[in-house]
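Enquirer: Each chain, letter by letter, is given below.
2 protein chains.
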Amino acid sequence: MGSEANPNSGGDVPTIVTRVPKHWQRLVTLPSEFAAKVQEMILQLKKVGKDDPRRVIHSLKVALAITIVSAFYYLNPLYDGFGSSGIWAVFTVVFVSEFSVGATLGKGVNRGIATLSGSALGLGCYYMVCLISRGDHTTVEPVLLGVITFLSSAGATYLRFLPQLKVRYDYGLLIFILTFSFVSLSSYRESNIQEIVKKRIITILTGCLISVSVCIFVCPIWAGGDLHNLVSKNIEKLGNFIEGFGKEYFTTSEVGESNIKSYMQGYKSVLDSKQVEQNLANLAKWEPCHGRFRFHHPWQQYLKIGNLTRQCAFRIDALNGFLNSTMAPLEIRSKIQDPCMKMSTELGMALKELAVSIQKMIPPCAAEPHIAISKIAAAKLRSMIQTGLWEGTNLFEVVPVVTMASLLLDVVSCTERLAESIQELSSLAKFKHKESKIAAENSENPHDQEEAPQSASCDNRGPHHVIAINQPCTNLSHDGKSQLLRS
Amino acid sequence: MGSEANPNSGGDVPTIVTRVPKHWQRLVTLPSEFAAKVQEMILQLKKVGKDDPRRVIHSLKVALAITIVSAFYYLNPLYDGFGSSGIWAVFTVVFVSEFSVGATLGKGVNRGIATLSGSALGLGCYYMVCLISRGDHTTVEPVLLGVITFLSSAGATYLRFLPQLKVRYDYGLLIFILTFSFVSLSSYRESNIQEIVKKRIITILTGCLISVSVCIFVCPIWAGGDLHNLVSKNIEKLGNFIEGFGKEYFTTSEVGESNIKSYMQGYKSVLDSKQVEQNLANLAKWEPCHGRFRFHHPWQQYLKIGNLTRQCAFRIDALNGFLNSTMAPLEIRSKIQDPCMKMSTELGMALKELAVSIQKMIPPCAAEPHIAISKIAAAKLRSMIQTGLWEGTNLFEVVPVVTMASLLLDVVSCTERLAESIQELSSLAKFKHKESKIAAENSENPHDQEEAPQSASCDNRGPHHVIAINQPCTNLSHDGKSQLLRS
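Chain order of the listed sequences is A and B. Mapping to the working numbering: the first sequence position 366 is 405, numbers consecutive. Mapping to the working numbering: the second sequence position 311 is 350, numbers consecutive.
Keep in mind the hints are simulated off the structure, nothing from the lab. Among these hints, one or two may not hold up.
Heads up, the list lumps identical chains together, so a pair's fine if it works in one copy or across two of them.
List of simulated lysine-lysine pairs, DSS-like, C-alpha gap at most 30 Å [to be verified]: (1) K76 <-> K286; (2) K469 <-> K300; (3) K300 <-> K381; (4) K238 <-> K469; (5) K313 <-> K61; (6) K374 <-> K272; (7) K272 <-> K238; (8) K76 <-> K272; (9) K419 <-> K237; (10) K307 <-> K237; (11) K238 <-> K286; (12) K86 <-> K238; (13) K343 <-> K61; (14) K76 <-> K399; (15) K374 <-> K399; (16) K205 <-> K89; (17) K237 <-> K469; (18) K343 <-> K238; (19) K205 <-> K85; (20) K205 <-> K76; (21) K307 <-> K61.
Keep in mind the model is a prediction, meaning the values are calculated, not measured.
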């Protein structure tokens, strides 16, 4: 059959096939195309679940919440009480149930408050209109109600553009317009408006309660935890690259020979992680204390760390470019090999230690000695270049090597600022040393725990401190620009 | 009064004030604080409207659509027909009315199709359950309906994670869950389920129709037009910077003396415009033909151009760093002043011409001679550097100048690729030369217009072509990496 479809194969058969119009030929292939599409879809569905198994759990949680809220219809006492108003509860569950606890809580609180305020204002307006219209139900009342609805919808829609409301209260303003319109329109037609509003408020609050409860109590997915892990993981990825960079750069003799490990390329996802981090931080602010995180955990500080991580990643991306392009001759590179290799290894270890310190929520002390050693190497490299290391060599061959060195020096200062920022997080979030954690766990008296130093710094850790003081000041710039190239 | 509140002022009065508890003192300042907040809010509301007056128009449009759809309650024939089901139309208008036509159409189509399919499937399931349960209304029917609702909600929620559905059909899947749950739950309690479903479909489709009509026919805001203007404006901003860069770099003798014009800094907004462009392109795909844009206008090509613009902007940001930091001595810089100034001026003009070509939808021919001249200057600069221009000078002073030159060369190749990409857009979107546009407008016969060359290229434009051929091949790299530094 396969050869028949091919007009280029010999014999008479192709002639027969070409007589069939094109769209008929296409009809023959349709079922197989459809089967291929379905197969592809199934593979993708599997991949989506494999990438993050919590997606399957979330789907089941939403279905569970809808099933629970269906009680408004299936249970006679509830249906007798609320009738078809029960559908508001179902709609609430469908709209409010989101992937993370933060998103669900944010939407739930928005919907709850907007329903309450919209109903109250709607009823207030109705009573006011009744007073003014003095029973003129046919002209004055609808005109007044229409004008009020017009003005309030226009106002609330305009408020949605305000930057400080847009991020956290956009959904609330939408639901406010909805509820206000519902109450003002219903009040014109229904005699028992209070009863309708009461049913709506109860069903919507119940819906919010059900979806928030299912979201929190059944395998909760915390946006805060995701942000915490993401920021830590991103720093680790940078560490993986920079640790391997020195070896790759100084042992590869020709372009294409460099055998860059795939784990080194993980940093690329860091380059555009800004939006994800921003979203997670916005959602995390809604979340109550959970696990190791307090209610007012300093999520904003994670964004600062994320920004510094990205600044570092941009430099690492530039360094990566040097691995992928024609390289300067080995003899030129090898002149600065020692300090660069040292910096590369130590920076890698420092970044990984910083990642661990965030992950385990301990002060970033273990990274300090590595940063100190890399700063010593940086000072050595700087003085080596200044002594005219490459006198008489081709400028074109030297420039890329110096640029690489300058980027590496930038990474040192980036890492230092990153460490400072993580130290700040450590103070804000009151990270504790392992030992004090164990001590606190061993101590049965909760008062003892509170008397213990709430925020541990690295100052009291002898050996690290000595290294930090003894190393010469390398005077690295803190403005994020390549000091070497521009001074 | 003011001096009384100040505890540092002399006399007995402060002693009296300090006796008042702190929170009472705060109560005194509350009204003024509140007034300040209100004033700030009003200023911000004014700013939001001033930044984009279409926001005011949008708010009024939403209010208008809600007022129109209120007819379901205010007009007797409509209320007699639909009763309180009319509220679905109101809710539809509130949810579907978005800022741009693309967003409104996208949501409207999603909501319409999801309501139809959800209703059909819901009814189908109900009839099936009726067949299976054989009238057992108390146990078999609710259990079966519950299981089906559970499975369908879980399935649809899971489908929302699929990348190809997430961007365009996320809202539709949500409404599908909503409608399916509504129909299956109502079918258990209501005897006239077909009637209910019919009313729901009619009101929701009417709501969609009203909001889409208001959005399109009252001062429409097109996402496609916004994307078109944004991409063109971004290129113009790069042109503004690069045109002024040469003068700033070669005339400033000390850091801090450079007097960078504010219009030159406009490029900074280009650096993170990716998300905005992506969103606008997704919405633009929903929009019908309008103004100068066809239904299948190549919006995807705008994203490609946007990416190239950003690549160019990253290099420009690095160049900007050289204006803000300590500069190499003037005598070192001045050695490459001539070709660099030429490149800077010509690139600026080329970029501005490219922006105009997008804005006016004409082929980017006017930019070609400028690109050609900048390529000649680039070749000259390259050969100058290779001849050992700075023999015997301090390497540290030369490296930043060479790096700057290399970035400028990168901008040349970026601009060339940008021009190619805009030429591609010109072919895809069938841009026409001004003359052929005027000719087409003058011609009364629509057939003539269609017979005219649909897509104009720059090949037939004598003088430009000559320049392009006569200039030597500068062999600029197209991989986006700095060829000079890494070869």
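Enquirer: Up to 30 Å between alpha-carbons, please classify K307 paired with K61: within, between, both or neither.
Expert: Answer is neither: 46 Å inside a copy and 53 Å across each miss the 30 Å cutoff.
Enquirer: How would you label the pair K76, K399 (within, between, both, or neither) given a Cα cut-off of 30 Å?
Expert: neither (45 Å within a copy, 41 Å between copies)
Enquirer: With identical chains, the pair K272 and K238 could be close in the same copy or across copies; at 30 Å between alpha carbons, which is it: within, between, both, or neither?
Expert: Neither way: K272 and K238 sit 48 Å apart in one copy and 52 Å across, limit 30 Å.
Enquirer: Evaluate K205 and K76 at a C-alpha cut-off of 30 Å and name the case that applies: within, between, both or neither.
Expert: between (40 Å within a copy, 18 Å between copies)
Enquirer: Measure nothing new, just compare the shortest in-copy and cross-copy C-alpha distances for K343 and K61 to 30 Å and report within, between, both or neither.
Expert: The answer is neither: 60 Å in one copy and 34 Å across copies each exceed 30 Å.
Enquirer: With 30 Å as the alpha-carbon cut-off, assign the pair K469 and K300 to within, between, both or neither.
Expert: neither (37 Å within a copy, 45 Å between copies)
Enquirer: Should K238 paired with K469 be assigned to within, between, both, or neither, using CA atoms and 30 Å as the limit?
Expert: neither (46 Å within a copy, 58 Å between copies)
Enquirer: Pop the pair K300 and K381 into one bin, within, between, both or neither, using alpha-carbon distances up to 30 Å.
Expert: Result: close within a single copy only, 20 Å intra versus 43 Å inter.
Enquirer: Please work out whether the CA atoms of K86 and K238 approach to 30 Å or closer within one copy, between two copies, in both situations, or in neither?
Expert: Classified as neither; 43 Å inside a copy, 40 Å across copies.
Enquirer: Which holds for K343 with K238 at a C-alpha limit of 30 Å: within a copy, between copies, both or neither?
Expert: Neither way: K343 and K238 sit 46 Å apart in one copy and 52 Å across, limit 30 Å.
Enquirer: When no copy is named, should K205 and K89 be tagged within, between, both, or neither for a Cα gap of at most 30 Å?
Expert: Cα proximity of K205 and K89: across copies only (17 Å, versus 34 Å in one copy).
Enquirer: Is the C-alpha distance from K76 to K272 at most 30 Å within one copy, between copies, in both cases, or in neither?
Expert: Cα proximity of K76 and K272: none, with 35 Å in one copy and 41 Å across.
Of the numbered hints given earlier, the model fails hints 1, 2, 4, 5, 6, 7, 8, 9, 10, 11, 12, 13, 14, 15, 17, 18 and 21; all others are met.
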